[in-house]
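Whenever a hint applies, use it, and build me the whole structure from the sequences.
Reading the sequence shown from the start, the letters are residues 1 to 376 in this note's numbering.
It cannot be assumed that every hint is accurate.
[As the list claims (entries may be wrong)] With a straight-line Cα cutoff of 25 Å, these simulated DMTMM-like cross-link-like pairs (lysine to aspartate or glutamate) come out:
#1 K88 / E291
#2 K114 / E220
#3 K265 / D371
No lab work stands behind these hints: they were computed from the structure. Model, not experiment: these values are computed from the prediction.
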Amino acid sequence: MIIVKVAIILTSLYSVIVNSYRIHSDPQNIQPADSTVILTHVLFRHGNRTAELSETYPKDPYRNFTYFPIGRGQLTNAGKLREYQIGKDLRRRYDKFLGPVYYPEVVDAVTTNKNRTKASLELVLASLFRPKYTDVWNWALGWQPVPYNYYPVDHDPVLMGINCPRYQALYKELVNSPKWKATFKKYQKDFDYISKNTGLNVTSFKEVYDMYFGLSTEEEYGQELPPWTHSVWPKVIVDLSIKQYYVETGTTEMAKLAEGFHLKKIIEDTKTKAKKREKNGVKMYLYSAHENNVGEMMVLLDVFKNPHVPPYGAYLIFEVHNINNVIGIKLYYNNWTTDSLQLLKLPGCEEFCPLDKFESIFEEYLPSSTDLCYNV
Numbered sequence: 001m002i003i004v005k006v007a008i009i010l011t012s013l014y015s016v017i018v019n020s021y022r023i024h025s026d027p028q029n030i031q032p033a034d035s036t037v038i039l040t041h042v043l044f045r046h047g048n049r050t051a052e053l054s055e056t057y058p059k060d061p062y063r064n065f066t067y068f069p070i071g072r073g074q075l076t077n078a079g080k081l082r083e084y085q086i087g088k089d090l091r092r093r094y095d096k097f098l099g100p101v102y103y104p105e106v107v108d109a110v111t112t113n114k115n116r117t118k119a120s121l122e123l124v125l126a127s128l129f130r131p132k133y134t135d136v137w138n139w140a141l142g143w144q145p146v147p148y149n150y151y152p153v154d155h156d157p158v159l160m161g162i163n164c165p166r167y168q169a170l171y172k173e174l175v176n177s178p179k180w181k182a183t184f185k186k187y188q189k190d191f192d193y194i195s196k197n198t199g200l201n202v203t204s205f206k207e208v209y210d211m212y213f214g215l216s217t218e219e220e221y222g223q224e225l226p227p228w229t230h231s232v233w234p235k236v237i238v239d240l241s242i243k244q245y246y247v248e249t250g251t252t253e254m255a256k257l258a259e260g261f262h263l264k265k266i267i268e269d270t271k272t273k274a275k276k277r278e279k280n281g282v283k284m285y286l287y288s289a290h291e292n293n294v295g296e297m298m299v300l301l302d303v304f305k306n307p308h309v310p311p312y313g314a315y316l317i318f319e320v321h322n323i324n325n326v327i328g329i330k331l332y333y334n335n336w337t338t339d340s341l342q343l344l345k346l347p348g349c350e351e352f353c354p355l356d357k358f359e360s361i362f363e364e365y366l367p368s369s370t371d372l373c374y375n376v
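This is the structure:
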């Protein structure tokens with residue numbers, strides 16, 4: 001028994017080291033931004049992590065595995081390297097725009113109330129704002145503290161809109177509707193197979209979606225998945241999991257609650273920046289969040305043309321430009337499948353989308369007030 005445990009630990013350590021090296025050595029061809037940039041909004045997923053207990057299943061052979069000393073749901077070294085790389089990429093692209101010296105107003109950094117997103121944000125900030133000149137306070141450290149904020153899970157409609165009481169009520173209503181029950185029935189054979197082998201009661205995409213994270217994190221950690229998974233992993237489970245994003249944004253009001261508060265904040269902050277026309281002030285809004293934030297935002301913006309689970313460290317950049325006195329947005333995406341940013345074309349707009357047109361296109365998804373979150 002001791003030998004088996006040692007073998008599992010060594011295998012896990014080897015996997016973590018290999019993944020860390022691979023991620024650390026990923027080539028990124030991030031080009032400097034145009035001189036017309038006046039503001040940036042960056043939404044990114046946290047780094048690689050261990051599995052949450054809620055993502056395991058009753059028959060999971062690793063259900064009692066503690067991942068000591070990392071712990072469940074926490075960043076691995078591979079995840080730390082990935083997030084640190086995001087900061088390096090952003091510095092490479094916006095070095096001239098941000099300037100060499102940090103000042104408190106230059107960045108507004110927010111995270112969800114999770115250890116892994118907080119740590120991810122700290123890592124991005126560490127590489128984005130390495131101290132130079134007067135910022136250096138410890139020559140041996142190469143780091144400076146940069147403050148960030150977060151809000152309680154139940155009071156964060158910007159990043160945790162799916163926790164809104166109104167959203168929860170709409171979600172329950174949707175999955176119990178005849179339309180979606182008929183959709184789920186089409187996949188009953190897969191649901192039954194997964195239920196039988198996991199001990200779960202799979203009735204929708206949500207149970208498969210949650211389990212996806214358990215299986216993917218276990219596999220990445222070097223833990224061998226049980227034989228029953230061979231016929232459904234990864235393709236079947238991944239495909240079913242992706243469908244959950246469309247359930248979560250299944251109606252206009254649900255999409256409005258899930259990501260509309262965030263989109264509205266992006267628009268309002270952009271308007272404020274455009275009015276001030278200040279040289280300094282805030283230049284970047286950073287949002288450390290989860291894959292569902294990235295995926296749901298892409299569904300809302302109608303740019304989810306290649307449906308996938310946004311990988312660790314995937315990020316969207318709403319890049320605000322002033323081109324010939326026209327304020328507009330260019331939307332970029334990095335999912336680490338290429339060595340450069342992908343410029344996405346928004347529906348009904350060109351690659352550079354004037355702000356007023358951008359707001360008009362997505363007006364139906366912009367909530368009038370946060371009261372909508374709590375109106376059940």
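Determine which of the earlier numbered hints do not hold for this structure and return their numbers in increasing order.
none
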